[in-house]
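Protein chains: 2
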Amino acid sequence: MKAEIITIGDEILIGQIVDSNSAYIGQELNKTGISVTQITTVSDDKHKILKAISEAEKRANLIILTGGLGPTKDDITKKTIAEYFNDELIFNKDVYNHVKNLLSGRGITMNELNSKQAYVPSTCKVLFNDLGTAPGMLFEKNNKIYFSTPGVPFEMKFLIKERLIPYLKEKFTFDSIIHKVVMTQGIPESHLATIIEDWENNLPKDIKLAYLPQPGLVRLRLSAQGDKEKLIKQIDNEIDKLNKIIPEAIFGYDEEKIEFSVFNLLKKEGKTMSTAESCTGGNISALITSISGSSEIFKGTVVSYSNEIKENVLGVKIKSLEKYGAVSQQVVEEMITGILKLMKTDYAIAVSGIAGPTGGTKDKPVGTTWIAVGSKDKIISEKHLFGEERNRNIRRASVTALNILRNFIK
Amino acid sequence: MKAEIITIGDEILIGQIVDSNSAYIGQELNKTGISVTQITTVSDDKHKILKAISEAEKRANLIILTGGLGPTKDDITKKTIAEYFNDELIFNKDVYNHVKNLLSGRGITMNELNSKQAYVPSTCKVLFNDLGTAPGMLFEKNNKIYFSTPGVPFEMKFLIKERLIPYLKEKFTFDSIIHKVVMTQGIPESHLATIIEDWENNLPKDIKLAYLPQPGLVRLRLSAQGDKEKLIKQIDNEIDKLNKIIPEAIFGYDEEKIEFSVFNLLKKEGKTMSTAESCTGGNISALITSISGSSEIFKGTVVSYSNEIKENVLGVKIKSLEKYGAVSQQVVEEMITGILKLMKTDYAIAVSGIAGPTGGTKDKPVGTTWIAVGSKDKIISEKHLFGEERNRNIRRASVTALNILRNFIK
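Heads up: the protein sequence lines correspond to chains H and B, in order. Taking numbering that gives the first Met the number 0, I'd label the letters of the first sequence as residues 0 to 409. Taking numbering that gives the first Met the number 0, I'd label the letters of the second sequence as residues 0 to 409.
Okay, chain H solo, but in the shape it has when bound (with noise of 0.2 Å):
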């Protein structure tokens, strides 16, 4: 089965909003075993809608639509999907009662915008959205399948999810993608080309690699399309050989993210974290947090923005502010020993870096930065250069930050 996606709306075109919903159904289907061949972004006009259905029509199978079914006026799918099938909009009693029922249970009252929901075409079949009021679609023709479904992400996520892939399952079996992502972190990506390049070279011919960089990270994908358990086997044999070639590189695989990956070590061994923080200014706090159940393992972080901060509350020395600079090795490792005496925690990151784009100087250039990391018997410091970009900066430091920890831990 190849599916195109379609995500309709002049927000995109416009560069007003990123389009990430596409990117969260290609995995999904991919997972399933349907290929993602193409993806269209046209504007919230009805004939480019018309004309992208009939074209996507004509290479994939199964046409997924997103955006265009809210509530406000500049929403003009639904009825563009009823012309292109011939169809009219007829009120359906389920939608309406379960658009009420939605509302009422967050005490909002249903007003003319929402009623408009509950109508849909004729000839769909409603995928009830739980999560907000406008349905999901689902219109078969000609054995090719076509589904619609709200642009707002956790609606679409849901529709997709737990309503479109369930269907699909149901009526359809699957031959099988297989991709498994390689997370590193430390090595920039021509270097790692060339640190790996026979491992590479040696790779079995279905087996297809591609190097997918991001500030501070180098994921390595490999894909192949077969015998499942075959393959599984196959790349699992090879990620065992690259795992000798750069151990300290590899901190996990596929969706994992690294601040998952120290989450999950401090787990198994019973182990806290806190951070002190200067030019990621709670980056590294924010990343931990964001995972659910964090606050088994982490309990804190000082964001110390001024140099007073570090001094009165990390308890770092004013003559090592003086003599060495706040972006210093004795700096960040007396960083460590507050925010430990401070947290009471087992392990700690401090970093102190130009973010920039100014502060920089001859000696100490923007993106100078200096990590420590530590626990009460033992603390190491490196001290790295990154670029010129602030939030590039912040996101390499958080990174290369967390990644230092997982090793110093392990």
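For the record, the hints were derived by calculation from the structure and aren't laboratory data. Any given hint might turn out to be false.
Same chains, same names: a pair is fine if it fits in one copy or spans any two.
[Stated by the list, open to error] Capping the alpha-carbon separation at 30 Å, the derived lysine-lysine pairs in DSSO-like fashion look like this:
1) K99 / K361
2) K256 / K232
3) K45 / K1
4) K115 / K243
5) K363 / K266
6) K179 / K267
7) K343 / K318
8) K1 / K57
9) K156 / K382
10) K204 / K50
11) K160 / K47
12) K47 / K1
13) K47 / K204
14) K227 / K179
15) K30 / K45
Go by the hints and put chain B onto chain H.
Relative to chain H, chain B alone:
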């Protein structure tokens, strides 16, 4: 001039990465007066790329290709474009020297993969990529322009903004498209639509309105095409009217983030702030410190992820924690008092809530969040009930807290 973007990469189709490049390109072209009419994502496959280019050139006169120009082996775009134009790759000494200098500046020796970047199609105009090794390549044929950029976001941004757009502006003059976005916080989409219904219905007919919701925010986009001066006046006039209807909700315009509104306000007043965060885990601090120059107005944060830290570092009374629980008015107000004392700032934000998915009770379900803001003279606090999803709750709590502080300062 109509533009189409072709994004190349299996990683987008399988949902490994989100196509944020197209959003950036859409924004920049729009500002210039060029409409993006379609975005197409295809796989790293020669035939798919060739097909996408030949279809796009039927509809548009500017075709931008992103992705597939990096140094590693899975990149094939360059060869494909050469084939499309019946061209061959030739060694370009300028590109070679540029790549060599760029790498040596980073202390990296040129390897074979990097050298390959110096081969470009013979008929292309090279647009130098100051930030990376893969060049931008521009082709002109039958009054149409084709531009290929690497997919690494910061390199692509440089090539679009500093290379392609100046090139286009020199060659063509453009019609104006005006977009103005009103950023609102605190009123859900469907209720906002009801509150501003009269205003919306009385908009001049050339002005198009779109609702763009995000967690905790709704952006209202007003768009029009035509006489720039006149439209700007008309739109500003409509926004003035809107400001009288929802004054507390509007925190800014266009790309402005709520943290910038708060930053600008504090900077103007010469005041400082700090945060005491529980469920938001440092996210508010990370938002503020993502702004260059934030150290002028921001001193620091305590993330108190355990009651122990609330008590020992922030001075929250153990009695209040026991009697009212960590998620209570008393506790967030005491957090304000504590953080103001510790950080010696003019203003502070404190947040304590149940981000979920676990930890909810009947009285305090997941999503329950207490937010306080204050100064030495006054503390105000609000209880909010957000949703079920952890990261949405963190995001909504953060933007809500920032808007409460903004209105508090005003």
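Item checked: Numbers of unmet hints, in rising order -> Failing hints: none at all.
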